[in-house]
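S.K.: Could you build all of it, start to finish, from the sequences and the hints given here?
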Amino acid sequence: MIYGLIAVGYTMVYGIIGMINFAHGDIFMVGAFLSLIALLALAGLGITSIPIALALTLLFAAGLAALYGWTVERVAYRPLRGSFRLAPLISAIGMSIVLQNFVQVSQGARVKPMTALIPGGWELMNQDGFTVQLSWMQIAIVATTLIVLTIFTWLVTKTPLGRTMRACEQDLKMAGLLGIDTDRTISLTFVIGAALAAVAGLLFLLYYGVIDFFIGFLAGVKAFTAAVLGGIGSLPGAVLGGLLIGLIEVFWSAYFSVEYKDVAAFAILILVLIFRPTGILGRAEVEKV
Amino acid sequence: MTAPLLSLSGVSTYYGAIQALKNVDLQVHEGEIVTLIGANGAGKSTLMMTVCGNPRARAGQIIYDGRDITHEPTHLIMRRQIAQAPEGRRIFGRMTVYENLLMGAETSGQTNVPALLDQVCDLFPRLRERLTQRGGTLSGGEQQMLAIGRALMARPRLLLLDEPSLGLAPLVVRQIFGAIRTLNKETGLTVLLVEQNAYQALRLAHRGYVLVNGAITMAGTGVELLARPEIRAAYLEGGHYT
Ligand SMILES: Nc1ncnc2c1ncn2[C@@H]1O[C@H](COP(=O)(O)OP(=O)(O)OP(=O)(O)O)[C@@H](O)[C@H]1O
Ligand SMILES: [Mg+2]
Numbered sequence: 000m001i002y003g004l005i006a007v008g009y010t011m012v013y014g015i016i017g018m019i020n021f022a023h024g025d026i027f028m029v030g031a032f033l034s035l036i037a038l039l040a041l042a043g044l045g046i047t048s049i050p051i052a053l054a055l056t057l058l059f060a061a062g063l064a065a066l067y068g069w070t071v072e073r074v075a076y077r078p079l080r081g082s083f084r085l086a087p088l089i090s091a092i093g094m095s096i097v098l099q100n101f102v103q104v105s106q107g108a109r110v111k112p113m114t115a116l117i118p119g120g121w122e123l124m125n126q127d128g129f130t131v132q133l134s135w136m137q138i139a140i141v142a143t144t145l146i147v148l149t150i151f152t153w154l155v156t157k158t159p160l161g162r163t164m165r166a167c168e169q170d171l172k173m174a175g176l177l178g179i180d181t182d183r184t185i186s187l188t189f190v191i192g193a194a195l196a197a198v199a200g201l202l203f204l205l206y207y208g209v210i211d212f213f214i215g216f217l218a219g220v221k222a223f224t225a226a227v228l229g230g231i232g233s234l235p236g237a238v239l240g241g242l243l244i245g246l247i248e249v250f251w252s253a254y255f256s257v258e259y260k261d262v263a264a265f266a267i268l269i270l271v272l273i274f275r276p277t278g279i280l281g282r283a284e285v286e287k288v
Numbered sequence: 000m001t002a003p004l005l006s007l008s009g010v011s012t013y014y015g016a017i018q019a020l021k022n023v024d025l026q027v028h029e030g031e032i033v034t035l036i037g038a039n040g041a042g043k044s045t046l047m048m049t050v051c052g053n054p055r056a057r058a059g060q061i062i063y064d065g066r067d068i069t070h071e072p073t074h075l076i077m078r079r080q081i082a083q084a085p086e087g088r089r090i091f092g093r094m095t096v097y098e099n100l101l102m103g104a105e106t107s108g109q110t111n112v113p114a115l116l117d118q119v120c121d122l123f124p125r126l127r128e129r130l131t132q133r134g135g136t137l138s139g140g141e142q143q144m145l146a147i148g149r150a151l152m153a154r155p156r157l158l159l160l161d162e163p164s165l166g167l168a169p170l171v172v173r174q175i176f177g178a179i180r181t182l183n184k185e186t187g188l189t190v191l192l193v194e195q196n197a198y199q200a201l202r203l204a205h206r207g208y209v210l211v212n213g214a215i216t217m218a219g220t221g222v223e224l225l226a227r228p229e230i231r232a233a234y235l236e237g238g239h240y241t
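Going down the list, the protein sequences come from chains A and B.
In terms of numbering that gives the first Met the number 0, the first sequence opens at residue 0 and continues consecutively.
In terms of numbering that gives the first Met the number 0, the second sequence opens at residue 0 and continues consecutively.
Hints are computed from structural coordinates only; laboratory data are not their basis.
Computed from a predicted structure; not experimentally measured.
Yeah, the Cβ is synthetic: ideal placement off N, Cα and C, and Gly gets one too.
It is possible that some hints are incorrect.
Not the full set, but computed from the structure, chain A residues with beta-carbon under 7 Å of chain B [said to hold, decoys possible]:
no., residue
1, P159
2, L160
3, A166
4, G175
5, E248
6, V249
7, A253
M.R.: The structure is reproduced here in structure tokens:
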């Protein structure tokens, strides 16, 4: 589920400028740290109502992460637009390292724990001493993801802003000829992608309760796999891919071993790239990097 | 005579080190249809795109409606009631016909979209039947109508048309040329038209320019140019007399 939110960011940026934004996973990580800082700060300020604290945190993390996304595009990608294909890719990897090290230095390299905010759950089944329970946390995460993705889908398919984004994605030059400010639209794409990644960061923090400066890499690879699996460049594909990766991981952990669950994502990435590089909902004409 | 609506003076455009336009002078007056003819690779499309600032002229000056637009960003130029139906149609294949048309109106700040839509659909009835179809699944001729329709949705004063007849059946070409003439007569729309079909274009246009290897070599009224033997030899050979 969470991967879907991150995957959407990869897919959007790829669609519009044909580039994999390698720093995207790290924006997610920054989003998680911003959430942690916000939650601790709000607790320090004595705001005890959990819904209010979460809502404020969401706004704070998404807003600041959006600013990060905007800056990354301005600093690392825009100056290189129009140069050879590998240049922005290298710049992206550089940006990813910068973000990781920045967080490592400012937040320390140790794992940051957090207490569970929403305890309890909903008992589905209680039989012979076995309980199957869906925690409130899981429900909240699924609900948040669904709401965010629904709003986002509506934005892209129904609003003038969404049309502008799709126009830029399909034909940047023509979009300019229609009076669309293409630079601004590209910036906005990064901003929206980063905000979604920050929401994912907050959910990750709530769910796992521990974060460190390296989570961006792993989550980034998994979300990227989700995007590729669904068909990179396709928004519904990214959501679908995110769901599938999540499910596959769960089943893998159940039948094989939890320690190797990360292997699953990598294996899928390789298999998809070999056998169906366009993904499930991908378009044939998409160019591979 | 009043100042021209569009005026290029000494315009040169380059792709890297290659010079595609050489010191081009060209004027289009309000209410005129002006055509630009020339062989493949002469720089016709480059000229149309240079007016829109993509690529940008490296030398010379482009004046539109009394304002120097040489260095203006493309999207701002296009919000000055200039619209282009570019070479290769460039419609948005994964948007519906309706959405494509909306794209033409929205960014130019048109408020009365339904009325505009109605006008365009009156001009090209085929589009009305297909508003919900995806642009990419239209036939070539329908795509061309959509490209022109999308440009008209911006309610332009100056319409730039790059090879609107490319790949179309003669009947459809006549329809499109008829539409251009009607718009010009009834609404005073100013048109700069690039055409391979030099005979029809020169008959339609008030004036024409001939572009050879990036430089203007001849200019005159449509009738004048049609009468020139070198034009007949170079551009009107091979059955274009129909
Ligand atoms: N993006 C580009 N990069 C490099 N050279 C280009 C580019 N676009 C056009 N050219 C070159 O500039 C010259 C003029 O091209 P242009 O497309 O303007 O010709 P044209 O007159 O429109 O031709 P046609 O009738 O075939 O459409 C050609 O030699 C072409 O190869
Ligand atoms: Mg051309």
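S.K.: Sort out which numbered hints this structure fails and list those numbers smallest first.
M.R.: Structure breaks hints 2, 5, 6, 7.
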